[in-house]
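From first to last, the protein sequence lines are chains A and B. In terms of the working numbering, the numbers along the first sequence are unbroken and rise by one, the last being 216. In terms of the working numbering, the numbers along the second sequence are unbroken and rise by one, the last being 546.
Please note that the accuracy of each hint is not assured.
[To be verified] Examples of chain A residues toward chain B, derived with CB under 7 angstroms:
| id | residue |
| --- | --- |
| 1 | E19 |
| 2 | M23 |
| 3 | M25 |
| 4 | T31 |
| 5 | G38 |
| 6 | G153 |
| 7 | A156 |
Hints listed in this document are in silico derivations from the structure and should not be mistaken for laboratory results. No residue lacks a Cβ here, since even glycine has one placed at the ideal position from N, Cα and C.
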Amino acid sequence: MSEATALKHQFDDLEQQKESSTMGMWIFLATEIMFFGGMFTAYTMYRYLYPEAFGEASRHMNVLVGTINTAVLICSSLTMALGVRAAQLGEKRMVTRLLLATMFLGLVFLALKGYEYHEHWVDQMAPGFNYAMVGQHPREIELLFCFYFIMTGMHALHMVIGECLLTHLVIQNHRGDFSAGYYSPVDVVGLYWHFVDLVWIFLFPLLYLIGQHVEK
Amino acid sequence: MSATPLVNPNEQASIEKPNYLNAEHSIKSWLMTTDHKRIAILYLISITLFFFLGGLFAVLIRIELLTPVGDLVSSDMYNRLFTMHGIIMVFLFLVPSIPAVLGNFVIPMMIGARDLAFPKINLLSWYLYMAGGIFTLYAVVAGGVDTGWTFYTPYSSTYSNSYVLSAATGVFIAGFSSILTGLNFIVSIHKMRAPGLTWGKLPLFIWSLYGTSLIQVLGTPVLAITLTLLGIERFAHVGIFDPALGGDPVLFQHMFWFYSHPAVYIMILPGMGVVSEVVACFARKNVFGYGFVAGSSIAIAVLGFLVWGHHLFVSGQSIYAGMVFSVLSYFVAVPSAIKVFNWTATLHRGSISYDTPMLYAFGFIGLFTIGGLTGLFLASLGFDVHVTDTYFVIAHFHYVMVGGMVMAYLGGIHFWWPKISGRMYPEGWAKLAALTVFLGFNLTFFPQFILGYLGMPRRYHAYPPEFQVLNVMSTAGASILAVGYLMPLIYLIWSIKYGRRAPANPWGARGLEWETSSPPPTYNFEETPIVTEDTFKYSREEVEVV
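Given the sequences, and given the hints that come with them, work out the whole structure.
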């Protein structure tokens, strides 16, 4: 696709088109912040109500896998950022490689997340379906696990969507749609990918770490 | 064209002129269109259907309330009637009404653009709206929902016995349609303005829809997650909002109203934008204090996010939180009052003509003032405790939503109808309808203020006999109102075929949308307009009626 055909009819020039799509993505990310914000608010309230139970629950998290996943995601953000840079410079083959690397790291994250879910299932810590915790605060711990699954589940769903978007980008790039003058889809998907990473950066300490040392 | 002697040459010219309506005729060209004007028409047709469906439920409610005993429907059926009325009217009519129909149609033209920034997303938003509508309709057909439109837990969770999941899914999906519309508008207003059209020259309709879009974008996701959590609670049988399982039902109310109070401003700000346009046009004056009116739209959008707690005065919220929310709720009245005062000041010494859109604008100003002032009653803690969940609340928000927003919507439809359809509507009928709506509305809802003050609670299908006179008045008013709403439906459809052809600018109005032909060509303008002077100036020189 040449630069002329990349320009959609409603825009006057590619600059306006690029600015619009970037701004559109930023606003979309604002809606995502509000969406996750609702979950964080509910989480915060229940954590405030039941600190001991939430502390106990977080000791059932697999911190090692969580840490590895955090590292994996940060690396994927790096490859994504480098991919955007390569797109700016018009290095087509480099873009493909970096996008594939990002996708690979994303899949590693999802696989490890799946492994964690499996562990929780085996330990009967899946609220509503397979839950059999005993102890002082079984109901409250169930509530935390509920939020754990909802929040990490929503995050994983966003990762899957990100994988789909990246697949689409790789195909577009392979077709030769992008050039140093037109690469805004890569840019915009990059923003999305970084946002999803950032959500995890908040989820990891809230769900895995900050309850670890609460007194029993 | 030789065998049509009865058509004068001017009309022939306008018949042949290519426009967005005659560009293509296939059904596919409508359903797959990315033209913002055609998408606006799709929205117009679909929300009209939902409006009359929601209205049908209201009719049944009013007939039931004609007599003190519950004789027409069972109490369970009554619960479903008012719930479906609320859900359909709020989420499928009021929220999308002015933004998705009029906003979609005129925003790109007002800013001198060929289309919105993301035409495909615009079409997607209509499909999402329809998908949401179908889920909601399924809930209606399957047996309805009985939780009230607010989906409060535990009605919607532990004790639910109706189709909550389907309706909530419908509202969830329709919410994304609303988000995408808001996103599209914000980006378009920022990035697509014609050369020379600075922020200070933007029409006030644009400012009000900009404020609306901010709320749609920042509020709706919270509703989405709230309904998601509700769905998960029901699906997995966990206790997110269930006290028996450690959850808190009041959290649901907080999260719900965090969206739904700002959403109240989604349902009034666009109306204010229409009134600003109409008042300026038919008083032949600039809106007094442009900067204040524009800024008050943004102020309402921002303050609207800080007042949700006034819905929880009696829900066990702390009294200190109640006091803070009460004071903040008073603050919202300030920008709203600025608008009312400025419209009034605009009328002062204007050369006013009483065309139909102006009649609706007058209706809006009067009824919104009543609705707004009674809102202040409700924002005060003591009085609110007295009238919580009574007909006083019902009357209050119907004065704002129906007396305000529906009036403004109808005013806007009439104002831009010549542009949308290329035809003039019959002025006499339109004036009669506007008057009917105004009279019917007041007769319906004013008695409800008194009923509420006397203590009649909402959401009951039976009531003590001493309330019957006022209820009969209200039902009589609703019948008149129904006639008032049916009249525009009939004569507007009639005018598409038989109406007089509309000139480009029948009202002598200002604004770029009036500079292109009626109906506009597919890409709105022959060439991108360049704005050199204020588009909104009426007083500078007399605008010629073309």
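Hints versus structure:
no.: 1; hint: E19; result: 6 angstroms, holds
no.: 2; hint: M23; result: 5 angstroms, holds
no.: 3; hint: M25; result: 10 angstroms, violated
no.: 4; hint: T31; result: 5 angstroms, holds
no.: 5; hint: G38; result: 4 angstroms, holds
no.: 6; hint: G153; result: 9 angstroms, violated
no.: 7; hint: A156; result: 15 angstroms, violated
Violated hints, listed in ascending order, are 3, 6, 7; each of the other numbered hints is respected by the structure.
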